[in-house]
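Required output: the full structure, derived from the provided sequences and hints.
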Amino acid sequence: MHRLFAELEPSLTVTEQNLADRVRYILRSNIFDVAELERLRREAVPSSDENATAEDAAPQMVEQPANVDAAVNTPVMVDSNDDGTVAQELELEHMRSTLEEAIVETRSTPLENQPRLPRIALSKRNRTVVMALNPMLVTYLEASRDLCETDSILFGAALAVCRIIGAKVSTAGCATGHSSAIPAWRRRIEERIAKARALIGRLICFRSGNNRPRIVCTVRMAFAGTNVSLSQPDITQKQTERIDDLKQRIAAWGKRIRRYTERSTRFNQNRLFQSDQKRLYESLERPMVSGTGPAPNQADTVVRARKPQRGPLDGSCGESVCGYYAHGPRHHNAG
Numbered sequence: 440m441h442r443l444f445a446e447l448e449p450s451l452t453v454t455e456q457n458l459a460d461r462v463r464y465i466l467r468s469n470i471f472d473v474a475e476l477e478r479l480r481r482e483a484v485p486s487s488d489e490n491a492t493a494e495d496a497a498p499q500m501v502e503q504p505a506n507v508d509a510a511v512n513t514p515v516m517v518d519s520n521d522d523g524t525v526a527q528e529l530e531l532e533h534m535r536s537t538l539e540e541a542i543v544e545t546r547s548t549p550l551e552n553q554p555r556l557p558r559i560a561l562s563k564r565n566r567t568v569v570m571a572l573n574p575m576l577v578t579y580l581e582a583s584r585d586l587c588e589t590d591s592i593l594f595g596a597a598l599a600v601c602r603i604i605g606a607k608v609s610t611a612g613c614a615t616g617h618s619s620a621i622p623a624w625r626r627r628i629e630e631r632i633a634k635a636r637a638l639i640g641r642l643i644c645f646r647s648g649n650n651r652p653r654i655v656c657t658v659r660m661a662f663a664g665t666n667v668s669l670s671q672p673d674i675t676q677k678q679t680e681r682i683d684d685l686k687q688r689i690a691a692w693g694k695r696i697r698r699y700t701e702r703s704t705r706f707n708q709n710r711l712f713q714s715d716q717k718r719l720y721e722s723l724e725r726p727m728v729s730g731t732g733p734a735p736n737q738a739d740t741v742v743r744a745r746k747p748q749r750g751p752l753d754g755s756c757g758e759s760v761c762g763y764y765a766h767g768p769r770h771h772n773a774g
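If you're matching positions, the sequence shown starts at 440 in this note's numbering and goes up one per residue.
Because the hints were derived from the structure by calculation, they are not lab data. Every value quoted in this text rests on a predicted model; they were computed, and no experiment measured them. In this text, a Cβ means the ideal position worked out from N, Cα and C, and glycines have one as well. A few of these clues could be false.
As the list claims (entries may be wrong) - Heads up, simulated BS3-like pairs for lysine-lysine below, C-alpha to C-alpha not over 25 Å straight-line:
{"#": "1", "residue 1": "K634", "residue 2": "K694"}
{"#": "2", "residue 1": "K634", "residue 2": "K677"}
{"#": "3", "residue 1": "K686", "residue 2": "K634"}
{"#": "4", "residue 1": "K563", "residue 2": "K607"}
Claimed, not checked - The calculated label-pair distances, taken between Cβ atoms and stated as ranges, are:
{"#": "5", "residue 1": "E446", "residue 2": "T578", "range": "45 to 55 Å"}
{"#": "6", "residue 1": "E724", "residue 2": "E551", "range": "35 to 45 Å"}
{"#": "7", "residue 1": "Q527", "residue 2": "E475", "range": "19 to 29 Å"}
{"#": "8", "residue 1": "M660", "residue 2": "L711", "range": "15 to 25 Å"}
{"#": "9", "residue 1": "E455", "residue 2": "P557", "range": "21 to 31 Å"}
{"#": "10", "residue 1": "P557", "residue 2": "T679", "range": "45 to 55 Å"}
Pasting the structure below:
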């Protein structure tokens with residue numbers, strides 16, 4: 440292109456970079472439309488029919504590289520004009536494919552296994568994504584046969600929006616899943632134990648001679664609020680004392696978890712035993728007339744064996760009449 444410009448305008452001195460910048464500015468500014476650019480290109484590049492004579496064979500061979508350069512550079516200039524359009528088309532195609540995948544996935548997923556969608560912010564970018572996906576839904580909604588399919592299409596569109604903007608979506612099956620069986624207090628104590636173990640590891644690394652910045656920073660945090668300095672002579676002894684203190688805390692926290700777990704287990708067993716005892720009383724109090732009435736439920740009779748007992752329940756505990764059922768599950772034989 441620069442060689443062709445030098446031949447057409449020999450009086451002007453322009454570098455290749457300057458010429459390319461000017462052409463790019465003209466194309467992106469839309470000063471000329473496509474028809475005008477094509478007309479200018481045809482006028483600038485001479486036709487091969489005009490140079491078909493024999494005496495112009497040698498000049499034609501010289502001018503051929505210029506024509507080739509013009510033919511190669513011309514599509515590139517047109518593509519540079521459509522950089523924004525091409526990027527927009529690629530983005531729309533990506534949105535369309537994401538929407539189709541989400542709708543197909545939603546149709547084949549049971550309602551109870553659908554993921555839980557988060558609440559997204561009403562930012563300008565998110566609204567732009569929603570406005571771009573709205574026209575794409577027309578085809579799917581027109582082909583919808585019932586309300587369930589329409590619901591799956593709308594849910595798939597919402598899922599596609601979350602995936603396009605990068606919002607975090609919970610895994611499948613969490614929409615109707617139950618909460619964690621681990622109590623909050625136990626999770627907090629386990630987090631303390633994990634942090635204490637990590638701190639012990641950093642202290643041991645520093646005591647063995649590892650002076651990496653991250654290790655040193657963690658050790659300083661371990662001694663924060665004390666008068667201990669890392670440069671004092673007895674720092675090794677202070678580290679050992681700190682490690683022993685953390686180990687004792689971990690042991691105490693573990694004992695607390697075991698104690699709380701045993702208490703919770705004992706409470707659940709007592710509650711289960713009380714419900715079983717109530718059912719047993721109800722079965723024993725049913726009217727029985729000369730053996731024709733309903734017999735006690737065998738399951739209710741033996742269900743009291745769920746709770747382990749420390750002694751027999753047949754009156755052999757030393758009393759004339761065992762008052763086990765009168766005292767309830769806190770009797771000395773009940774445990």
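Comparing the hints with the structure gives:
Taking the CA atoms of K634 and K694, the gap is near 17 Å; set against the 25 Å cutoff, the hint holds. Note on K634 and K677: the hinted pairing holds, with a Cα-Cα distance of about 19 Å set against a maximum of 25 Å. Of the pairs offered as hints, the one joining K686 and K634 holds, with about 12 Å between alpha carbons and a cut-off of 25 Å not exceeded. Between K563 and K607, the direct Cα distance comes to roughly 19 Å. Compliance with the 25 Å bound is thereby established for this hinted pair.
Here the CB-CB span from E446 to T578 is close to 53 Å, well matched to the stated 45 to 55 Å. Between E724 and E551, the C-beta spacing of about 42 Å keeps the proposed range 35 to 45 Å intact. Checked against the given bound of 19 to 29 Å, the beta carbons of Q527 and E475, roughly 24 Å apart, stay inside it. Taking 15 to 25 Å as the suggested C-beta distance range, the pair M660 and L711 does not conform, at roughly 47 Å.
Distance hint for E455 and P557: a CB-CB separation of about 52 Å, inconsistent with the stated range 21 to 31 Å. In this structure the hint that P557 and T679 lie 45 to 55 Å apart at CB holds, the actual value being about 48 Å.
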